[in-house]
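> Starting from the given sequences, assemble the full structure and let the hints guide the process.
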Amino acid sequence: MSSVAGLKEKQEKSWKEHRLITIFRDLVKNKLAAIGIVIIASIFIAAVFAPWLSSYGPYEQDLSGTKLAAGADGHILGTDNYGRDMWSRLVHGARLSLVVGLSSVAIGLIGGIGLGLLAGYYRKLDGLIMRVVDLLFAFPGILLAMLIIAMLGTSLINVIIAISIWSIPGCARIVRGSVLSIKQQEYILAMKTLGASDRRILLKHILPNCTAPLIVFATMRMATAILSTSALSYLGLGAQPPTPEWGAMIAAGQDFMWEAPHMAIIPGLGIMLTVFAFNVVGDGLRDALDPNMDMNV
Amino acid sequence: MNPLLQVTDLETTFHTPNKDLTAVRNVSFSVDHGETLCIVGESGCGKSLTSLSIMGLLPAKGRITNGTILLGEEELTKQSEVQMEKIRGNKVSMIFQEPMTALNPVLTIGFQLRESLMIHRQMNKKAATVKSIELLNKVGIPSPRERLKQYPHELSGGMRQRVMIAIALACEPDLLIADEPTTALDVTIQAQILDLIDELQQEIGMGVIFVTHDMGVVAEIADRVMVMYGGEVVETADVDAIFEAPQHPYTKGLLHSVPDVDNPMQELKIIEGSMPGPDDKITGCRFHPRCPFAMEKCKQKEPPLFNLSPMHTSKCWLQEVTESESNTVIRG
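Chains A and B supply the protein sequences, listed in that same order.
Just so we're aligned, residue 1 is where the first sequence starts under my numbering, counting upward by one.
Just so we're aligned, residue 1 is where the second sequence starts under my numbering, counting upward by one.
If you are wondering where the hints come from, they were derived from the structure by calculation, not from laboratory data.
Hints may contain errors.
Pairs of lysine-lysine, BS3-like flavour, derived with a Cα cap of 27 Å [stated by the list, open to error]:
#, chain 1, residue 1, chain 2, residue 2
1, A, Lys-124, A, Lys-183
2, B, Lys-125, A, Lys-183
3, B, Lys-126, A, Lys-204
4, B, Lys-78, B, Lys-126
5, B, Lys-91, A, Lys-204
6, A, Lys-204, B, Lys-301
7, B, Lys-281, B, Lys-19
8, B, Lys-138, B, Lys-126
9, B, Lys-297, B, Lys-269
10, A, Lys-124, B, Lys-125
11, B, Lys-252, B, Lys-299
12, A, Lys-124, B, Lys-19
13, B, Lys-252, B, Lys-281
14, B, Lys-78, A, Lys-124
15, B, Lys-61, A, Lys-183
16, B, Lys-125, B, Lys-78
17, A, Lys-204, B, Lys-131
Rough simulated footprint, nothing fancy, chain A against chain B, three-plus residues with beta-carbon under 8 Å [claimed, not checked]:
#, region
18, 54-66
19, 212-226
Glycine residues also receive a C-beta, built at the ideal position from the N, C-alpha and C atoms.
Here it is, written out as structure tokens:
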């Protein structure tokens with residue numbers, strides 16, 4: 001009898017420990033998402049170990065060997081118009097893209113969660129906050145970012161600020177929507193009968209219920225953030241040369257489109273693969289985290 | 001000595017754009033230490049709103065418009081929100097009908113148990129965990145240490161209700177408000193939960209307000225019974241008097257609608273019609289449209305509360321008739 005109970009407990013325990021793994025397994029069942037995860041993982045590895053993966057520095061010029069094609073002279077992906085190693089610039093660019101993406105999404109999330117929680121929980125603040133959010137929504141995103149950079153000046157830090165401000169409204173809406181439904185639940189009333197303050201209820205009891213849509217939002221937002229960073233840099237508003245930023249690299253490469261197409265195509269592929277990977281993983285996460293979604297529909 | 005809780009002339013109103021709707025009218029009652037008061041009535045009679053009024057947690061737009069709620073020496077209607085937060089969970093606690101929805105699905109049992117200890121007793125996480133295990137033991141949950149790490153969906157309904165009770169009683173409150181805590185459970189679990197509440201009541205010496213519509217539960221647990229109808233108290237008496245000599249026609253109707261196990265052929269009587277809403281205008285007694293004994297007077301004048309004995313009151317004109325009759329008998 002006791003062994004049966006023990007076995008059951010053991011099973012329960014192992015099941016519980018693997019809850020995250022269950023989500024992961026659901027995610028990997030989706031073929032596209034699995035490919036996305038592999039791509040994201042390789043980009044992360046490339047970014048973290050960039051200096052060790054490349055035998056040339058990203059700024060190292062070699063004017064005797066410019067615009068070399070891929071594979072020539074030990075340059076895996078060739079060189080650009082100053083003879084800088086494209087592979088090295090690509091992996092160092094991944095670093096920049098991920099740092100900008102992660103930090104702008106993080107800042108955007110913090111702002112959006114704060115506003116969304118307040119708007120959803122306090123009826124009086126709702127109208128005010130959501131009108132401001134609507135106002136932000138009314139601007140085309142890239143235009144808003146350009147406006148902010150025009151005010152603050154061109155630098156990567158300002159790109160991060162611009163993109164995070166642009167992430168706030170979407171996040172605020174998602175959080176507000178979740179809070180509106182969660183605050184009506186009986187367990188929130190039960191928490192109030194225990195004497196919990198509003199702040200405690202919001203942060204410790206309502207916020208954890210919003211995590212699923214937020215994870216999906218953050219993943220999707222990473223794609224947009226990376227794309228926007230490159231777009232801004234391409235337009236000359238973000239990273240300045242000689243910084244190895246993908247958008248800036250395309251901008252430099254487009255002048256040599258005919259003689260050395262790899263200069264524009266390689267960073268372009270980098271952007272495309274990264275954005276694609278984050279989008280499909282976001283899609284997959286949405287399905288894996290939402291038990292109500294039927295995969296067959 | 002004052003009773004533990006003394007509610008006097010409580011009136012709760014909802015403000016709507018068109019008019020004010022009064023959902024609880026002139027409700028007065030008291031609960032003493034160690035006593036169980038059952039509030040009985042149909043859905044929509046104001047039982048739950050009465051208990052939420054005591055907690056000071058009325059839904060948006062609801063407000064206490066009249067009356068006093070004295071808990072010991074403290075007047076609850078005059079406390080600020082911050083003061084009420086210190087009282088809730090500490091001196092007054094509440095448990096709910098649906099153990100499925102009254103626990104947060106994304107937080108562990110342990111997290112939710114620790115909350116009130118950390119709020120009111122300023123315990124650190126370690127001390128609160130030790131106390132939580134003790135509490136789970138007390139409410140009869142096996143292997144409590146493992147339970148702390150589990151999520152609500154991993155427990156059965158009865159277990160969850162036990163956890164709810166453990167959470168509510170963590171700070172040993174003076175008063176427990178139980179809003180139909182057994183309605184969602186099957187009868188065997190229901191009996192276990194009632195026993196548990198009774199046991200813990202003896203131990204802590206708290207007063208219990210038990211909201212229910214189940215007369216079987218009332219018979220099991222109540223010391224005194226308060227019957228509500230249409231936002232008003234229609235009859236208050238101790239439990240024996242309610243079952244043996246119910247006075248108000250509504251109480252009688254409620255008792256007639258409970259099946260009798262010993263009489264399988266019995267046809268259940270129903271109370272015709274339905275509960276009036278708070279915006280229905282009814283002159284005189286609010287029960288008269290459904291009352292089999294309604295007289296002309298009932299339609300015109302609202303009956304006062306008649307005292308049959310110090311502990312037994314009934315809000316019905318029939319009492320006046322009996323009173324005057326008995327007077328004539330005495331005179332004759």
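> Each hint: holds or not?
Do the hints match the structure? See the list:
no.	hint	in the structure
1	Lys-124/A <-> Lys-183/A	holds, 15 Å
2	Lys-125/B <-> Lys-183/A	holds, 26 Å
3	Lys-126/B <-> Lys-204/A	holds, 18 Å
4	Lys-78/B <-> Lys-126/B	violated, 36 Å
5	Lys-91/B <-> Lys-204/A	holds, 23 Å
6	Lys-204/A <-> Lys-301/B	violated, 53 Å
7	Lys-281/B <-> Lys-19/B	holds, 13 Å
8	Lys-138/B <-> Lys-126/B	holds, 19 Å
9	Lys-297/B <-> Lys-269/B	holds, 25 Å
10	Lys-124/A <-> Lys-125/B	violated, 35 Å
11	Lys-252/B <-> Lys-299/B	holds, 20 Å
12	Lys-124/A <-> Lys-19/B	holds, 22 Å
13	Lys-252/B <-> Lys-281/B	holds, 24 Å
14	Lys-78/B <-> Lys-124/A	holds, 23 Å
15	Lys-61/B <-> Lys-183/A	holds, 16 Å
16	Lys-125/B <-> Lys-78/B	violated, 33 Å
17	Lys-204/A <-> Lys-131/B	holds, 20 Å
18	54-66	holds (count 3)
19	212-226	violated (count 0)
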